[in-house]
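J.: For what it's worth, this note's numbering labels the leading residue of the sequence shown as 20, then goes sequentially.
The set of hints was computed from the structure by calculation and includes no laboratory data.
A couple of the hints might just be wrong.
[Claimed, not checked] Derived CB-CB ranges, DEER-like:
no., residue 1, residue 2, range
1, G148, P297, 33 to 41 Å
2, P116, E267, 35 to 43 Å
3, A294, K241, 52 to 60 Å
4, V138, D44, 26 to 34 Å
5, D198, Q302, 21 to 29 Å
6, K21, N260, 23 to 31 Å
7, N39, K205, 21 to 29 Å
On a predicted model such as this, the values are computed, not experimentally measured, just so you know.
Yeah, the Cβ is synthetic: ideal placement off N, Cα and C, and Gly gets one too.
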Amino acid sequence: MKIVCYGVRPIEEPYFRKLNKYHYDLKLVNAYLDHDNVTEAEGCDAVLVRANCACDEQNLKKFKSYGINWVFTRTVGFNHYDLKAAKELDIKIARVPNYSPYAVANLAFTLGAALTRHVVAAVDAVHQGDFTVSPHYFSTEFNRLTVGIYGAGKIGAIEGKMWKSIGAKVLAYDPYPSDFARQYVKFVSEDDLLQSSDIVSVHVPYFPGKNDNLINSDFLKKMKETAFLINTARGQLADTNAVAKAVEDNEIAGYGADVVIDETRINGHKFNSLAEVPNSSVQSLMKLYPKVLITPHMGSFTEPALEDMISISYDNFHEMQETGDVKNKVEYKG
């Protein structure tokens with residue numbers, strides 16, 4: 020079977036080949052799937068994508084015209100698909116339900132730690148020759164923090180574990196609390212978490228049309244003025260303008276994010292200036308650096324996570340070949 024894989028970074032290519040235990044014929048494309056490179060799939064039997072690949076109706080129809088019926092993703096999230104169009108075209112979708120939870124948890128922890136100790140601001144100043152200790156660098160210590168994990172699935176629970184291991188008090192809010200998470204966090208109400216936490220770290224799945232702008236002005240007003248907000252989940256969960264205003268007005272102390280809105284037009288691109296970033300709301304956040312730290316959706320960019328995503332994706336294709344179905348399938352629920 021020949022599989023075209025989109026969004027494969029050059030550093031990832033050896034892993035795609037090394038983990039190819041089913042001996043698939045692989046076509047690795049560095050760029051994310053778009054309306055121009057969809058033609059790379061012609062002559063292939065299946066497609067593997069990642070987040071920010073354009074699995075819209077236009078591209079799905081193109082795949083179907085090539086005789087392709089399987090368009091799988093190597094990610095947990097699947098909001099880059101037009102699920103309704105996929106169902107109408109009888110295109111099967113499967114995902115990777117989980118990978119190393121430490122990958123995203125590590126980055127969320129790092130963003131929270133860096134903001135708390137004002138590391139980026141201090142490093143920037145020193146690199147400009149300023150070795151003075153600004154009063155803005157004054158901080159508390161990690162063991163005195165109260166950290167709120169908003170969404171305590173595996174990733175959130177692991178971040179909670181990390182904070183607990185260095186003495187922080189860890190709270191969590193989740194409508195479905197797990198026994199695994201209870202080892203590291205104390206479950207409380209949403210309001211209690213937002214009002215009590217020095218760091219609020221968001222780890223909830225994004226459901227288009229259901230929890231867009233979950234992080235809005237009301238959410239932010241419940242937080243302490245000295246608190247930092249971390250979002251390594253999805254950009255669409257945050258009202259970008261509301262977050263920028265809250266930071267600018269000192270309603271919260273700062274924001275750390277691995278995700279932004281409009282990622283299909285932003286991620287994977289190198290802009291010459293902030294003004295070239297094709298979203299004014301994202302620009303407004305970037306202007307607040309170093310109180311706002313944004314990374315390029317690299318949370319899962321670790322070796323263990325990559326190996327999990329590739330291996331499980333290959334298993335998904337193999338299961339579909341062998342049985343005509345796959346346990347990790349994604350279906351339109353409308």
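J.: Which of the listed hints are not met by the structure?
T.: Those not satisfied are hints 3, 4, 5, 6 and 7.
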